[in-house]
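Residue numbers (our numbering), protein chains in the order written: chain A, 1 to 299; chain B, 1 to 299; chain C, 1 to 299; chain D, 1 to 299.
Keep in mind that the hints were calculated from the coordinates and are not lab data. Errors might be hidden in some of the hints.
Heads up, the list lumps identical chains together, so a pair's fine if it works in one copy or across two of them.
Claimed, not checked - Pairs of lysine-lysine, BS3-like flavour, derived with a Cα cap of 30 Å:
1. Lys117 / Lys35
2. Lys207 / Lys94
3. Lys138 / Lys51
4. Lys120 / Lys212
5. Lys160 / Lys212
6. Lys65 / Lys126
7. Lys207 / Lys127
8. Lys65 / Lys35
9. Lys207 / Lys126
10. Lys138 / Lys207
Given next are the chains, with one letter for each unit.
Protein chains: 4
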Amino acid sequence: MLDFRTDMADERLKECEKEGKIEGISSENINVNDKIKVTKVRVLNEQGKEKIGKEVGTYITIEIKEIEVINEEELEKVSKILSGQIQELIKPYKSILVVGLGNIDTTVDSIGPKVIKDLKITRHLKKYAPDLVGKNAKELSGIAPGVLGTTGIETQEILKGIVEKVNPDVIIAIDALISRDISRLFKTIQISNTGITPGAGVGNTRKEISRKTMGVPVIAIGVPTLVEAATIVADSIELIANQFEEFAQLKNATKEDKYRLMKAVLEPSKFNLTVTPKEVDDLVDNMKLIIAHGINGGI
Amino acid sequence: MLDFRTDMADERLKECEKEGKIEGISSENINVNDKIKVTKVRVLNEQGKEKIGKEVGTYITIEIKEIEVINEEELEKVSKILSGQIQELIKPYKSILVVGLGNIDTTVDSIGPKVIKDLKITRHLKKYAPDLVGKNAKELSGIAPGVLGTTGIETQEILKGIVEKVNPDVIIAIDALISRDISRLFKTIQISNTGITPGAGVGNTRKEISRKTMGVPVIAIGVPTLVEAATIVADSIELIANQFEEFAQLKNATKEDKYRLMKAVLEPSKFNLTVTPKEVDDLVDNMKLIIAHGINGGI
Amino acid sequence: MLDFRTDMADERLKECEKEGKIEGISSENINVNDKIKVTKVRVLNEQGKEKIGKEVGTYITIEIKEIEVINEEELEKVSKILSGQIQELIKPYKSILVVGLGNIDTTVDSIGPKVIKDLKITRHLKKYAPDLVGKNAKELSGIAPGVLGTTGIETQEILKGIVEKVNPDVIIAIDALISRDISRLFKTIQISNTGITPGAGVGNTRKEISRKTMGVPVIAIGVPTLVEAATIVADSIELIANQFEEFAQLKNATKEDKYRLMKAVLEPSKFNLTVTPKEVDDLVDNMKLIIAHGINGGI
Amino acid sequence: MLDFRTDMADERLKECEKEGKIEGISSENINVNDKIKVTKVRVLNEQGKEKIGKEVGTYITIEIKEIEVINEEELEKVSKILSGQIQELIKPYKSILVVGLGNIDTTVDSIGPKVIKDLKITRHLKKYAPDLVGKNAKELSGIAPGVLGTTGIETQEILKGIVEKVNPDVIIAIDALISRDISRLFKTIQISNTGITPGAGVGNTRKEISRKTMGVPVIAIGVPTLVEAATIVADSIELIANQFEEFAQLKNATKEDKYRLMKAVLEPSKFNLTVTPKEVDDLVDNMKLIIAHGINGGI
Chain A
1 MLDFRTDMAD
11 ERLKECEKEG
21 KIEGISSENI
31 NVNDKIKVTK
41 VRVLNEQGKE
51 KIGKEVGTYI
61 TIEIKEIEVI
71 NEEELEKVSK
81 ILSGQIQELI
91 KPYKSILVVG
101 LGNIDTTVDS
111 IGPKVIKDLK
121 ITRHLKKYAP
131 DLVGKNAKEL
141 SGIAPGVLGT
151 TGIETQEILK
161 GIVEKVNPDV
171 IIAIDALISR
181 DISRLFKTIQ
191 ISNTGITPGA
201 GVGNTRKEIS
211 RKTMGVPVIA
221 IGVPTLVEAA
231 TIVADSIELI
241 ANQFEEFAQL
251 KNATKEDKYR
261 LMKAVLEPSK
271 FNLTVTPKEV
281 DDLVDNMKLI
291 IAHGINGGI
Chain B
1 MLDFRTDMAD
11 ERLKECEKEG
21 KIEGISSENI
31 NVNDKIKVTK
41 VRVLNEQGKE
51 KIGKEVGTYI
61 TIEIKEIEVI
71 NEEELEKVSK
81 ILSGQIQELI
91 KPYKSILVVG
101 LGNIDTTVDS
111 IGPKVIKDLK
121 ITRHLKKYAP
131 DLVGKNAKEL
141 SGIAPGVLGT
151 TGIETQEILK
161 GIVEKVNPDV
171 IIAIDALISR
181 DISRLFKTIQ
191 ISNTGITPGA
201 GVGNTRKEIS
211 RKTMGVPVIA
221 IGVPTLVEAA
231 TIVADSIELI
241 ANQFEEFAQL
251 KNATKEDKYR
261 LMKAVLEPSK
271 FNLTVTPKEV
281 DDLVDNMKLI
291 IAHGINGGI
Chain C
1 MLDFRTDMAD
11 ERLKECEKEG
21 KIEGISSENI
31 NVNDKIKVTK
41 VRVLNEQGKE
51 KIGKEVGTYI
61 TIEIKEIEVI
71 NEEELEKVSK
81 ILSGQIQELI
91 KPYKSILVVG
101 LGNIDTTVDS
111 IGPKVIKDLK
121 ITRHLKKYAP
131 DLVGKNAKEL
141 SGIAPGVLGT
151 TGIETQEILK
161 GIVEKVNPDV
171 IIAIDALISR
181 DISRLFKTIQ
191 ISNTGITPGA
201 GVGNTRKEIS
211 RKTMGVPVIA
221 IGVPTLVEAA
231 TIVADSIELI
241 ANQFEEFAQL
251 KNATKEDKYR
261 LMKAVLEPSK
271 FNLTVTPKEV
281 DDLVDNMKLI
291 IAHGINGGI
Chain D
1 MLDFRTDMAD
11 ERLKECEKEG
21 KIEGISSENI
31 NVNDKIKVTK
41 VRVLNEQGKE
51 KIGKEVGTYI
61 TIEIKEIEVI
71 NEEELEKVSK
81 ILSGQIQELI
91 KPYKSILVVG
101 LGNIDTTVDS
111 IGPKVIKDLK
121 ITRHLKKYAP
131 DLVGKNAKEL
141 SGIAPGVLGT
151 TGIETQEILK
161 GIVEKVNPDV
171 IIAIDALISR
181 DISRLFKTIQ
191 ISNTGITPGA
201 GVGNTRKEIS
211 RKTMGVPVIA
221 IGVPTLVEAA
231 TIVADSIELI
241 ANQFEEFAQL
251 KNATKEDKYR
261 LMKAVLEPSK
271 FNLTVTPKEV
281 DDLVDNMKLI
291 IAHGINGGI
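So here's chain A without its partners, still in its complex pose:
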């Protein structure tokens, strides 16, 4: 899982633009329709990198409004837009290794490995059933390397080993993201061609999956799936601090006042937001065992 804080090139740009035109950066906004919006930021050179604090490369954000009521057709529309963006990024490459980062048994962290299961893998067909694939077709291979906690091995090490054997021209790495912003949960897909650092943030470049560590370009696709509970609390404090006069009476505040604040913090997401341990899948299974054995033993 990727730390999200430093990854939103489109948000960085907004901040920077307040201060006027920026050299070394180009950007583009496409409103596909009233539900889907694509933002593309290109950091062109060292000057741009310095300004925006992001590596030289392309950063694409697909935003989907009201995904909670999306239908099949609209889902397919978003897929097609994503296809187009990917197509452009992988045009020069022939052999593509897709890597599904994360833990398939932890729901919020499962999107990477789940994508791998639905891919149309073709690399082996070139060898074993060449008639099924065109002569110039790209070769797709895919792997879900698991996470450190379940393999005991750094994900980066596993991938390095595999890349040395498979020799892909490019890697596409998919991961769930920790978001700082509840309004982006499950509503944003980010694509960049500058790699990814799974499971962290705090400057730990050891685990980076990028051209530097893999030897080939790495396209990262990420979806924000959770916000740390601490973030929500911090946000509510922020809000209080900003509207201090208004909330000064909170000591004797009515329930309605508190409710108003609560709404202000949570409104941007239309979901039924809940706080639960990240390990909820395991914890449910433990409790299930306790209760089932409890009943079986009590009968």
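Since the structure of chain A is already known, use the hints to place chains B, C and D on it.
Only chains B, C and D this time, still in chain A's reference frame:
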């Protein structure tokens, strides 16, 4: 999913006891060991009911400390304690219908249906393989009726229909609970013999699953699995309001101050708490499709 | 799971037609394209019933050739054909209860409950969100009642109880079928409006789910998912008996001779057929536990 | 999935022993109780290898009778026996990489990856939480590399890459086996220290996972989970051929005669054997989509 707010008999009692001895209520505390604690509250009569605001009946709470590092042996210990409590409650009854409330495909709401899968069902054996069960053995049957959103039918209606055909002597209903208190998440099992109202709270007795609606006694077993995000925010406001002088400077507060408050709100749980939509399982599958189709289409 | 032997109206008809024209039966063949074929047999009256040995009613068979290499578009085509047939059968009815028979945890028996999970249930919306559904829209409800072995209750009893509460106008019951014919495995969908008898065959009408037992019409949708191993053996004996002269030398037969027979028996299916216990899902989980505990304990 | 034909050292030995004492081979039989039997065959040198046609090494078979009615306690007993055998084989090694071969989404082929999920992985703890593991504890890491059809990469290549990075002292490879003998399905665990060749048989040593290809010793643990349908047919022919006089009248055989033969072929397994495509999990999901869309579209 049950609203938890009004359900913690042990907490209610604590509040009441501050005001002195209470007639019509008996209570008992057992520290099984330094990790497991059992609290039993009995509301004996109308006088007790009025005081504590809970129906006449027995309310048992099993608390497990440090469940995040529990081992198999300790798990089995908790099962045995639960077995004992259930045994006492079902002693008079022969035919038991276990009902797993909730939605198996929504992780936080899946504990009821998952328990059903692990039960040793025996009711049919009496008829089809009488040699396999003792003559005086209890008859166990089990059903996971689903939730309104996936069946289109009120759970209570489904159960009424089944109870009329199966004629059990007692129902055991298992459900995930919405908690108000993050320190109880996945660490508490509540058992009562006064029934359950799934999916709600606000005085909606229509959906109640109890002796009144089912015609037979209903033992409820509940586990708190989530806190609404709004609760966390409300709690942080509460804390600020209570320590107002201390936090008055928040407007210009340092990061450290904010962090201190954040810790105060989240500390009671040792888990890695996250905020995510309740529908996370579905949302992950949607996003998986978008990305997998996106890649398949882009190659 | 339904016994399949007596259920293939189209095969019965073929047998009967050898003897000439039949009164009281009409039939229709539609070759949708070179991959999909629909056969519709109508038993019109008692005379027809007697001839063909099937209840008065409509029997539809959708056959899909080469489903092992079917693509998404063709899948959707078959869905549409099925939609059309269902539409015709349910035209007079408004409130529809779909019943998913079988055990979701036994792969070959899981199709019924799995379909329920993918339905667009609307019955509750009429009440709780009437704006979301048209005024004249049909009401869809759905239930997966489980199997006797996991509930301890006859499926028919559960359904009777629910039907009495829900009062649907028609039931659609979906089940996996035991086939006698490996060439039909996963390649045939059968629809009839005469009900279904899950889990069996041999004249056990007690368990029948039909207008007689439910009080409303029952449309059955079935898919053959397995052949009993005994059937394969019986078929191979049949073949040997029929080609006795040819196989008389089998005592000293070469491997090639045996292989030839083997091919003759298994050829009609293009699948990689395997023999495995029906309980394979459970057995795999047991073995997994043994080996995982074995390794954990051995380290 | 491993071809089983050449792997049953205990059966080979039985064949050979008919011809008298064998040099270069030692064997041992332990009847743990009346349900569990352990056979250990050691091929000591080239002479033994030549006789029995198996590599120099140790071949252990754990047989479990009546696993269809096994209880938890007996399961744990088998785990302990397996633990003991593994302990002996890995005594000299410190860092162990467990490899779960097979496809987790194909039930009969899922045992390898499923075992990986239940292991107590410790390798990373040495580095990140050294206090949690003893100083001299073994290091366990685990990986489920997937199958060629879903990764596009030869399993052997993936493993070579990982082994070069992880540098384990020994590999334990777990796989589902194709059996020739229905009486062994899910009732036998085989352990050897001579490696494994997944997915095949016919002399394809390219894919071998062994000391030769991995550079470290490979302990293989296998469980037979399926028999090819062709094998059942071949077996029935064999039986007919052997009892030719008896079955000579089969042309005009009664149902009873056929039933007798059928029983003779299938008796050794006490399971409810079924013939179904190996791809049953996928096929069920396809059909589910067709029917669910069919109903959704027809309403």
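If you test the structure against every hint from before, which numbers come out violated? 3
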